[in-house]
Amino acid sequence: MKKKAFIEKTANIILLICAVVALFAVCAITLYMFIKGTPALKEVGVSDLLFGTIWKPTASNPSFGIGYIILTSIVGTGAAILIGVPIGLLTAVFLSEMAGKRLGTVVGSAVDLLAAIPSVIYGLIGMMVLNPIMFKIERMLFAEKSAHQYTGGANMLSAIIVLAIMILPTVISVSTSSLKAVSDNLRAASLALGATKEQTIFWTVIPAAKSGILTGVVLGIGRALGEAMAINMVAGGAVNIPLPFNSVRTLTTQIVSEMGYASGTHRQVLFTVGLVLYVFIMIVNCVLLKTRKRGFEHGD
Amino acid sequence: MKKKLFAAITAVCLLAVAFTGCGSEGTENGDLKGNITLAGSTSMEKLCEAMSESFMEANPGVTVTVEYTGSGAGLESLAAGSVDIGNASRGLKDGEKANGSVENVVAIDGIAVIIDKNNSVTDISSENLAKIYTGEITNWNEIGGEDQPIVVIGREAGSGTRDAFEELLEVKDACAYAQELDSTGAVLAKVASTPGAIGYVSLDVVDSTVIGLKIDGVEPTEEQILAGSYLLQRPFVMATNGEIGEQNELVQAWFAYINSDAGKEVIKKVGLIIPQ
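Those sequence lines, one after another, are chains A and B.
Here the working numbering is used: the first residue of the first sequence is 1, the next is one more, and so on.
Here the working numbering is used: the first residue of the second sequence is 301, the next is one more, and so on.
Simulated from the structure, these hints should not be mistaken for lab results.
Warning: the hint list may mix true and false statements.
To be verified - Derived PhoX-like pairs: lysine-lysine, alpha-carbon spacing no greater than 20 Å straight-line:
1) A:LYS101 x A:LYS210
2) A:LYS145 x B:LYS431
3) A:LYS136 x B:LYS417
4) A:LYS56 x B:LYS564
5) B:LYS514 x B:LYS417
6) B:LYS346 x B:LYS564
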């Protein structure tokens, strides 16, 4: 009897330690980001740093404005969501409501595969296929406008398209499971009232699965915001205002591309960029918690 | 007494080497002990790190510390006597030489300007090159090429290659890049695959996938750089206070190492050219 109690207790302690590791990691990272990220805010000035638009960290009279970089991350993520969510949601509807067993399995496993592809592969394909196409479009569009700086196809639009494809698996899988979780009673009731299948889907099933779908969208935002590798390969990497055919840089690629040789204030500012990204991700996660909670309150 | 002790240590070391079977050279310099301090150019970081690492491996008793404060600051520290060697990624100015600093060129940094294979341009003036990078010239037909837009590719802020290129071309902080990539390989690949692109890389990585442009009619080759006629090059100087022969034995050993085969290997490995 005593032995059993001992085992029980040890198991308890081991589990507690494991839980503490995760908690400790989160706290340590948060603390580290704030400690490393705030000195530059003081040194450069909050508004000069966050809202300044000139990024010349190594000039003799350096300027550390990351305004365009923040804007690029927001606009890029937003546009990727606008493109990716409708496609993802409709795919989810197809998978849960329309597809037969066989077709459903095929499309479902294709989506799973899409999720498993490493981001560097997305970047590579974007670089080799998307960028040359973009360059052709760019040359057609701006043939008469000499003021435009040609980017060789590495631009905001390429980044958005790559991001939109990358968030698809997240949106699809989360939406599909929440659509499937909608009670068949609801569908039956809607059909019994004389609604067609399409009306049932769009007016009954989707509203009922709303919070699950929103969770998918928020997860997609998180993924798009945090993606670095693929974007670094297709977006060009010059700091510009985020217009479709401009070469741009996001918060993530900013850190990736300049950390190697940065020193002094330049390096500190890169930590601040990391902090800004971290704060964005925290906001996204808070929203996620809220939507999930609301989902529970509504009882689905 | 000291010598005896050293002999004993050497014997033990040799024994250890014999036992473990991993031979190491340089035991002949093993009697050197102390510190060598260097300060100066940030562009020379790669060279200094590689060289000091390799040197300390051959001379375990010696610690080499390098600070990267900038060429001017490094030479000031040298003149003030606070460091043994002042690093500069440029030739010394007359005023600095008057302080007694002696210019020892240990390596030469060369940068090639590259364009894609299908471009018909083979030669460019330094003036036009500067205009391309500042965004004044935007189409190849303005300098005798076909009618296609120029895609200006460069390196990220903080890169030594970018620093050297902008400095030598006198376009520091005035460049309008269409793409800023974070490695030499990426620039090479992008230029090779983008019609109308122009970029710059270390001279040693230029291969057959791109064209290395002549600048002011001079081809980007090691010979032209050693002859001093190619524009985009700069010396890496490790200046000493007085001739090398007047320095302490540690500093002399440092320079002897740089000129040895092992040192030359290091210089080549970081993509630099050995001066003659």
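Task: Hints the structure fails to honour - done: The structure breaks hints 1, 4; every other hint is satisfied.
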